[in-house]
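Asker: Using the hints provided, position chain B relative to the given structure of chain A.
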Amino acid sequence: VSLVRRWQAFWFPAVPVRRVAVFRVVMTGYAFFDVWLVSGFISRYAHVDEAFYKPLLFLRPLPRLDSGLTSAVYAVLVVSLALALVGCFTRPALWIAAPLYLWWWGTYYSFGAVHHGRLPVVVALFVLAVAPSGGAYSVDWLRSRRRAARGGAWQPTAERRDELAGWALRVMMVLVVGAYVLAAYAKLRVTGPSWVTSGALEAVMIRNGTPAAMLLVRHVWLIEAMAALTLLLEATAWLLFFRGRIRDAYVVAAVLFHIGTLVFLNISFLGLVAAYLAFYDLEVGVDRARAWLRRLTIGSAPQELRLR
Amino acid sequence: MSNIPSMRQQPPHAPQATSRPRGGTGTLPDPGDQGATVGAPAGAEHQLRPAAGRRWLIALVSTATAIWLAAQLGAGLAMTVQSWPVAGFPMFSERRTVADQRWIEVRTRAGRIVTVRPGEFGLTALQFLNYQRGIVGDAGMVKPKGAARLGRLAAIWNRQHPDDPAVSMTLTLLVRPLPYGTPGESRQVIRWSAS
Chain A
1 VSLVRRWQAF WFPAVPVRRV AVFRVVMTGY AFFDVWLVSG FISRYAHVDE AFYKPLLFLR
61 PLPRLDSGLT SAVYAVLVVS LALALVGCFT RPALWIAAPL YLWWWGTYYS FGAVHHGRLP
121 VVVALFVLAV APSGGAYSVD WLRSRRRAAR GGAWQPTAER RDELAGWALR VMMVLVVGAY
181 VLAAYAKLRV TGPSWVTSGA LEAVMIRNGT PAAMLLVRHV WLIEAMAALT LLLEATAWLL
241 FFRGRIRDAY VVAAVLFHIG TLVFLNISFL GLVAAYLAFY DLEVGVDRAR AWLRRLTIGS
301 APQELRLR
Chain B
1 MSNIPSMRQQ PPHAPQATSR PRGGTGTLPD PGDQGATVGA PAGAEHQLRP AAGRRWLIAL
61 VSTATAIWLA AQLGAGLAMT VQSWPVAGFP MFSERRTVAD QRWIEVRTRA GRIVTVRPGE
121 FGLTALQFLN YQRGIVGDAG MVKPKGAARL GRLAAIWNRQ HPDDPAVSMT LTLLVRPLPY
181 GTPGESRQVI RWSAS
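Protein chains in written order, with our numbering: chain A, 1 to 308; chain B, 1 to 195.
Simulated from the structure, these hints should not be mistaken for laboratory data.
Derived CB-CB ranges, DEER-like:
#: 1; chain 1: A; residue 1: 239; chain 2: B; residue 2: 52; range: 38 to 44 Å
#: 2; chain 1: A; residue 1: 255; chain 2: B; residue 2: 52; range: 41 to 47 Å
#: 3; chain 1: A; residue 1: 241; chain 2: B; residue 2: 126; range: 29 to 35 Å
#: 4; chain 1: B; residue 1: 51; chain 2: A; residue 2: 239; range: 33 to 39 Å
Interface residues of chain A toward chain B, partial, derived using beta-carbon atoms under 8 Å:
#: 5; residue: 44
#: 6; residue: 51
#: 7; residue: 57
#: 8; residue: 186
#: 9; residue: 207
Cβ atoms here follow ideal geometry from the backbone N, Cα and C, with glycine treated the same way.
Looking at chain A on its own, in the form it has when it is part of the complex (with noise of 0.2 Å):
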C-alpha cells in the first residue's frame, strides 16, 4: 500500500491548472508552426515509392493513405492544434491533434530516419488532452467565466490545482531524463566509457559536413572533449528532479549543448528544450512577466500634474 501511495504521490502532485495551460501553449504553438511552416513537404510522402517505406510498428496495421487524404490529416490537424494552442474546445481539439500530429510525424519516420526531437511534443499532446490544459489562458476559461457571470453563479477561478495537471508535467519531465539517460545507456551499453574516443562524434561532424563542424574535426581532442562533455550531461539529467540552482545549471547546459548539436550537428531539439518547461513554475513565471508590463507601462504612461 505504501508503495503504492508513493507511485501516486509522485506521479499525481496537485499543481496549479495555470501551469499546465501555460505549458499547453507552449507544446501546442511548437507543433502549430512546426506543422504549419516546417513539416507541409511531409505531404508528398504519398508519392514516394513503397520500396522506401518501412513503416514503424504503430503504422504497421494502418494502410498508408494518397495525397488527397493525406492533404486532409494535414488541414484537420493544422486546424486543431490552432483550437488547441488558443484553448477553443481545447480537449477535443487535443484528442484530434495528438494522434494525427504522431501520424503525421510516424509516416516520415517511416521512410528510413527516425528522429526524436518531436518525441516530447508527440507525448505532450497526448497528456494535455488528458489533464484540464484548457482551465486556463483558454477561449474555453473566457466562456466558462461569461456563461457563470451571466448565471450570477460561482466564477471558476484559474487558481485551481490538479492531479492531472500534475501528471502531465511528470510524465513529461520523466520522458525529458528518461530520453538523455537512455542515450547514455545505449552509448556505454554498445561502445563502453571509450565511446568518448571511439570516432562516433567526428564522423557524424563529418557526414553532415557544417562548416563549424569541418573546423573542429581537425581538432581531434576537441571532439573527445565534447564527448565526454555529451557523455556526462546524459548521464546525469536525473539531476533536473532537484530544484533550484542545481536544475537550472543543467538546464542551460543542456541548452548550450542542444544549440551545439544544431550548429556543429544540423540536427533540432527543439521539442525536447520546450519541454523543459515541464520542470518549472510557469504560473509565476507568468505573474512576474505581467507585473513586469505593468510598471512598463505605468512607468512609460505620462505623469498626471497635480493641481493646486
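Answerer: Coordinates of chain B only, in the frame set by chain A:
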C-alpha cells in the same frame, strides 16, 4: 522561480480546501490528498467530477502510466527505434573507425552519366543514405540483399525517366580512416546493369 502559488483570486466565501497550497512540482502532496478542489465554492460541485468517477479516472491514468513506463524502459534497454514514439535512443552509439562518403551514378541509354540525388525519389539525404546502408555498410561490407536493393533503385529511377532509362547504376563508397586527416582511403563500387 518561486514555489509560492498566487491565491489572490480565491473568492472570499471559498469552502475548506481539500489540499493545502504548496510548492511546485518538487513538493509532493500528502498521501491521500485529493487536492483538486481548491478555490471551488459550494455551488460549484456540479462542475467537478464525481469523486468516484475521478478516482476511477486517476486509477486508469495511473495504470496507463505504468504500462507506458514499462514499454519505454523496455524499448530504451532494447535500443529499438521502430517502436517510436516509445523508442530507445541508440543514435551515434557505435564505435566508428572510418568516415564514409558515397554517391550513385547512372549511365543512361543515350550515354549520359547522371548523379542520382535523394530528391529524385522524394527522400531527404539521411533517408537516402539509410537506404544505401542496406546495400553497403559504412565500413564497405556489401549486404546480402545489396544487389537486389540497388536493382530496385534503378527500376524506380527508370520509371521516372522512361525516355532515357538507365542501363547501369553504380554506388561508389569512399572510406577514409579516422581521425580526420589520416592518410589512406579505400573505394568500394557496387554495380547494377540492365540485362
